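Let's have the full structure, built from the sequences with the hints guiding it.
Sequence lines, in order, name chains A and B. Using our numbering, you'd call the opening residue of the first sequence number 1 and step up by one each time. Using our numbering, you'd call the opening residue of the second sequence number 1001 and step up by one each time.
By construction, these hints were calculated from the structure, which means they are not laboratory data. Just to be clear, a hint being listed does not mean it is correct.
What the hints assert, rightly or not - Some but not every residue of chain B turned toward chain A, in silico, with C-beta under 8 Å:
#, residue
1, 1020
2, 1021
3, 1022
4, 1025
5, 1053
6, 1054
7, 1055
Stated by the list, open to error - Pair ranges (Cβ atoms, derived):
#, chain 1, residue 1, chain 2, residue 2, range
8, B, 1051, A, 263, 44 to 54 Å
9, A, 128, B, 1010, 47 to 57 Å
10, B, 1010, A, 52, 38 to 48 Å
11, A, 126, B, 1049, 48 to 58 Å
12, A, 36, B, 1040, 13 to 23 Å
13, B, 1040, A, 95, 42 to 52 Å
14, A, 118, B, 1020, 39 to 49 Å
Computed from a prediction, not measured in an experiment: that's the story for all the values here. Just so it is clear, CB atoms sit at the ideal spot from N, CA and C, and this is done for glycine as well.
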Amino acid sequence: MNARGGRDPVLVLASRVGPDEKGLLTALRRGGHAAEVLDTNALRRAASGPAGPGGLVLNREIGQVRARYAATMLEAAGMTVVNSAAAVQTCGDKWLTSLALARAGLPAPRTVLAASPAAAEEAAAEVGFPVVLKPLVGSWGRLVTRVRDAEEAATVLEHVGAQPSPQAQVVYLQEYVDKPGYDLRALVVRGELVAAMRRYADDWRTNVSRGGRAEPCVLDPDTEKLAVRAAEATGADIAGVDLVEDRAGAVLVLEVNHRVEFAGLQAAHGGLDIAASIVDRIVGGAS
Amino acid sequence: MTTTCPECFETVTAPAEPVLHEILECAECRGELEVVSTAPLLVALAPEVAEDWGE
Chain A
1 MNARGGRDPV LVLASRVGPD EKGLLTALRR GGHAAEVLDT NALRRAASGP
51 AGPGGLVLNR EIGQVRARYA ATMLEAAGMT VVNSAAAVQT CGDKWLTSLA
101 LARAGLPAPR TVLAASPAAA EEAAAEVGFP VVLKPLVGSW GRLVTRVRDA
151 EEAATVLEHV GAQPSPQAQV VYLQEYVDKP GYDLRALVVR GELVAAMRRY
201 ADDWRTNVSR GGRAEPCVLD PDTEKLAVRA AEATGADIAG VDLVEDRAGA
251 VLVLEVNHRV EFAGLQAAHG GLDIAASIVD RIVGGAS
Chain B
1001 MTTTCPECFE TVTAPAEPVL HEILECAECR GELEVVSTAP LLVALAPEVA
1051 EDWGE
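Next comes the structure, spelled out in structure tokens:
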């Protein structure tokens, strides 16, 4: 609440305004907040610049690099950014996420980082085939590769070695989990499960953005607790936690997304306003 | 509120309150368009997906 008795304005940081961002803007305005888009590409800040009066920013920047640096600029200006620069850094890098999950003692597929394609060949054999190679940064299942044997690994890693980017030479490998045709996405906001869905796909990658279909589901108490702990481990106030069951029924954390796309979850949960649920938990607590 | 698709030149209808950088889809060519001005309403082809885009 501000000095005039009105609700404090909330900024939505974005360089691309999609349906999710519009949904958040609508939910904020319905809640009585003056909500505006803050264009990421227009931001600039001097390192020694003064802190301002504060305020709340929902970080919806689609570019990982800009999302992180923009959050550092806004935090330096005294603003509260959700998700924070630290959370964006952790969630936006699969290896940092794996380390955070491991530190918290949470179950995840066996994961190894190799500092070169040559080291990755040995790591792949140690993890065992099939093994999954993922880019450290990226989303929507892009460039995620399932490698079935040592011969495929050598070929794929030869291509990896030919990439010009230094970061591409660092290889993230993960045990392939033979899941039962679906994985789970849980939306966790400020330590509370908002909704969850099962994601099915013909492709072994079950991302809805790859054409997978989603249906609502209720998580059992242990899985709900695991999703909440995974979000907490990464420091994400708003988290899209991806989980998978292996054939033995054990639930593992795959990744934690800091800029949750919730159109699929909204379609699966028609009676629940996902954007309003996020706004209530974030802005309600910050007002 | 309407404007013209820069790709296929068909009419594009925007929502009641378009926002700068909002993504629209051309109903004719299915091209992804970005609102680059709200008054007057102008759209351009939306940027291609970048390597670090995502959730």
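We went through each hint and held it up to the structure:
1. 1020: holds, 7 Å
2. 1021: holds, 5 Å
3. 1022: holds, 4 Å
4. 1025: Violated. Min distance 11 Å.
5. 1053: Hint holds; residue 1053/B Cβ to chain A Cβ min 5 Å, cut 8 Å.
6. 1054: Hint holds; residue 1054/B Cβ to chain A Cβ min 2 Å, cut 8 Å.
7. 1055: holds, 4 Å
8. 1051/B / 263/A: 44 to 54 Å: violated, 22 Å
9. 128/A / 1010/B: 47 to 57 Å: holds, 53 Å
10. 1010/B / 52/A: 38 to 48 Å: holds, 44 Å
11. 126/A / 1049/B: 48 to 58 Å: 34 Å Cβ-Cβ, so the 48 to 58 Å window is violated.
12. 36/A / 1040/B: 13 to 23 Å: At 20 Å between Cβs, range holds.
13. 1040/B / 95/A: 42 to 52 Å: Hint holds: Cβ distance 47 Å, inside 42 to 52 Å.
14. 118/A / 1020/B: 39 to 49 Å: holds, 48 Å
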